[in-house]
Amino acid sequence: MNIIYMLLVISVIVALVFFWAFILSVRKGQYDDTYTPSVRMLFEDEIVKDKDTKKKQKTNEQLK
Amino acid sequence: MENCFHCGDECRATTIVHHDKSFCCNGCKTVFDILNDNDLTYYYELEGTPGTTPFLLEGKFDFLGNEQIASKFLEFDEQGTQIVSLLIPSIHCSSCIWVLENLDKLDSAVRTSQVNFPKKIVRITFSSKKTTLQNLVILLSRLGYEPYMSLDDASEKKPTVDRSLIYKLGVAGFAFGNIMFLSFPEYFEVNEFWLERFKHLFRWLTFLFSIPVTIYSARDYFISAYKGLRSKILNIDVPIAIGISVLFVRSTIEIAMDWGAGFFDSMAGLVFFLLLGKFFQQKTYAFLSFERDYKSYFPIAVTRLIKNDISKIEEQTPVYHLEKGDRILIRNSELLPVDAILINGKALMDYSFVTGEAEPITKKSGDQLFAGGRQQAGSIEVEVLKPVKQSYLTQLWSNEIFDKNNQSLFESLTDRISKRFTLSILSIAMIATTIWLFIDSSKALNVFTAVLIVACPCAIALAAPFTLGNLLRMFGYHRLYMKDSVSIERLARVDTVVFDKTGTLTTSTKNTIAYEGVVLTKEEKSMLTSTLRASNHPLSRSLYATLDNNDIKTLDDFKEDVGQGITGTINNHKIKIGSYGYTDSNQKRRERQTRNKTAIHISTDDEYKGYYIFFNDYRNGVKEVFDKLGKNYKIIILSGDNDGEKDYLKTLLPENATLLFNQRPEDKLNYIKEQQEQGKNVLMIGDGLNDAGALAQSNVGISISENVNVFSPACDGILDASRFKDITRFLSLSKKGIKVIEHAFVFSLFYNMVGLLFAITGNLEPVVAAILMPLSSISIVVFTTMATFFLGRELKNETAPS
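Chains as they are written, first to last, in numbering that gives the first Met the number 0: chain R, 0 to 63; chain S, 0 to 801.
Derived from the structure by calculation, the hints contain no laboratory data. On a predicted model such as this, the values are computed, not experimentally measured, just so you know. Yeah, the Cβ is synthetic: ideal placement off N, Cα and C, and Gly gets one too. A few of these clues could be false.
Pulled a few chain R residues facing chain S out of the computed Cβ check, cut under 7 Å [unchecked claim]: (1) Val25; (2) Tyr34; (3) Phe42.
Covered by chain R, per the in silico footprint, the following chain S stretches (three or more residues, Cβ under 8 Å) [claimed, not checked]: (4) 190-202; (5) 467-480; (6) 575-581.
Just need the whole structure built from these sequences, with the hints factored in.
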């Protein structure tokens with residue numbers, strides 16, 4: 000059962016890692032704005048699509 | 000009627016069809032063109048009609064051309080890279096986020112731009128070699144995203160965000176979770192071999208985890224309790240601080256002496272829940288500011304005229320640098336930031352926001368002008384009399400009420416309860432200990448500490464934050480944005496309601512009510528509408544909007560005399576519309592009737608006909624609000640305007656109401672002070688700078704705003720003007736909220752009784768405490784949330800039909 004010492008050390012370390020990650024995320028301002036990223040996340044693909052269609056149009060024009 | 004593709008407004012007289020889409024104005028069309036040319040039309044796919052009509056005044060951002068001023072806005076400026084954060088009130092939907100974050104497609108100088116939606120701020124990184132801040136701001140304005148830039152932003156650096164509560168909460172939560180895991184095996188207290196071996200290690204680990212909770216997370220409670228005791232107040236933090244320290248000391252002794260497992264789990268949980276309540280109460284409206292003074296209203300810089308021997312030079316000068324004797328230029332619809340003498344041009348100053356006077360005032364060359372007025376007719380040149388900080392208006396802010404350290408002591412409901420609570424707990428502890436000294440003296444100390452532990456008023460301390468926090472959110476949802484939860488508690492105690500008139504009871508637009516005089520013939524009516532149509536004056540516009548469409552003819556001649564009136568000629572018939580002196584110079588008798596009232600006089604072919612009277616448009620539901628309030632509150636009207644509408648107001652008001660007119664800002668402040676000295680709790684509802692003193696002095700100051708994003712003076716709450724008629728509901732809801740807190744107190748006292756039974760009989764096991772404490776906290780949270788939700792539904796039901 001002495002393995003419990005090791006398990007305790009590991010569990011505390013894991014907990015501390017998450018705690019450190021939390022502090023870091025707060026310090027970096029991740030919780031300052033919790034709304035905008037949720038909207039921004041949905042944009043990314045659309046911009047690429049826009050660019051693609053533009054490129055296609057241009058290449059079409061060039062082909063003509 | 001078609002709606003504008005860009006902004007969604009109805010396309011009225013001028014519909015512009017462009018790319019098979021209709022636009023209400025050229026501004027909207029231009030924005031569409033800009034976006035279309037840059038392949039950004041996805042803007043319109045994200046949300047329907049997302050735009051805002053751009054409204055750009057020529058030269059409005061000229062001050063940014065002065066590098067010294069521009070640099071005050073920059074967060075970072077080195078090696079050709081500049082970073083700026085701009086507050087853009089018109090950000091309102093996901094399309095806005097999208098287009099603002101794709102600014103780099105519109106201007107190659109922009110490297111990145113990031114929107115913070117709740118704060119309505121866009122942070123732009125751009126290359127200062129390719130563009131300037133001024134160009135960037137103008138680009139944003141052309142898109143309908145005009146940044147809000149004020150003297151306030153330029154004069155001081157923003158304070159850094161205080162995140163200590165989140166850290167404290169994080170530490171407490173982290174420790175609470177880990178301590179729970181480590182103390183869990185001992186809850187069942189089986190005398191098992193392995194547990195016996197490891198429990199000491201577990202206990203010392205929980206001790207280690209609880210050190211940061213006591214020292215760091217719970218620090219505020221010790222500080223607050225100490226401060227309270229020093230000023231001889233038994234606030235709620237006193238029993239909490241006692242509870243926490245007793246918990247920590249007793250538990251440490253217990254595990255050191257190997258008497259038991261200690262109460263570290265309960266302690267960490269207690270602190271965690273308390274901080275959670277604090278966190279919940281901290282609802283802030285990031286996009287609103289409750290601390291604004293005249294600085295946010297004033298321009299940052301004005302055009303100063305410097306006379307050389309040869310020519311006049313115009314220069315952008317920060318308003319703080321203005322000195323006596325400087326000549327400055329004020330353009331149409333610009334704000335005059337200093338007291339000055341008019342040198343050139345005709346001044347038509349609108350002081351409604353500053354003094355409450357509804358009428359713009361005409362001034363001639365040589366007259367004195369006061370700071371805060373907005374010029375309404377053409378450019379004027381003035382000479383500075385007093386610098387910004389010494390002007391008549393800004394002197395109001397030297398009143399002691401604006402000294403921020405001067406916070407009035409407010410005894411909240413929780414504080415009042417906690418006084419009796421603390422005393423009775425201490426006496427119960429004493430009595431129980433004395434009794435036990437006779438029965439079994441070894442257990443006496445045990446009982447004493449147990450009472451203090453179990454009586455720790457976690458549930459009481461949570462009742463107010465959760466109830467008021469919920470109400471705060473609910474009020475915000477219904478567009479009354481309160482500064483903090485204490486203001487809601489103060490609102491519940493109000494017994495006197497003071498209203499300002501101009502801008503508060505009335506809207507900023509005006510409506511004609513009546514025509515008096517000789518009846519106009521059909522031909523004259525046609526001339527009237529045709530002439531009004533040609534004028535851009537606000538009064539002409541509103542009169543034109545109310546008249547029937549009497550077949551409009553083309554004018555043969557049209558003349559506008561700024562500040563006087565307009566003249567139109569059709570088929571050798573002349574019509575004059577404007578001030579009394581302009582339309583008719585022979586008679587004098589009618590003037591008396593229309594004094595103190597806004598009127599447009601009309602004469603045709605030099606014969607006086609009559610006048611249209613304009614009345615201030617009162618907000619919807621003013622009468623209802625007065626009727627309802629009159630039953631339970633004393634109503635007072637304090638107006639900076641003249642008493643022209645006294646008779647009309649009297650018909651709206653209940654009989655016992657007080658009306659006072661011609662009140663200067665200091666008069667309003669002093670009047671409220673007097674009322675408070677008579678023991679009244681005053682709610683002030685106002686809107687302009689002239690109410691700033693009264694708003695600060697009153698127990699609760701609410702400022703009304705047509706658009707909550709634009710300037711409103713420092714106050715405790717900002718109410719959207721469209722919700723004016725709900726004032727009575729907000730008041731009654733705050734009262735009901737206090738009832739909920741009282742019920743929650745009874746509820747939590749019951750828990751304390753149960754806990755005390757265990758404590759007094761000397762049976763308080765760690766597992767009992769560990770169950771009882773979170774249970775009482777959670778049930779209080781559930782109860783207050785349910786109760787406020789129920790109250791909130793009432794608000795929704797009542798407002799829904801209108």
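(request) Determine which of the earlier numbered hints do not hold for this structure and return their numbers in increasing order. (result) Hints 5 and 6 contradicted; others consistent.
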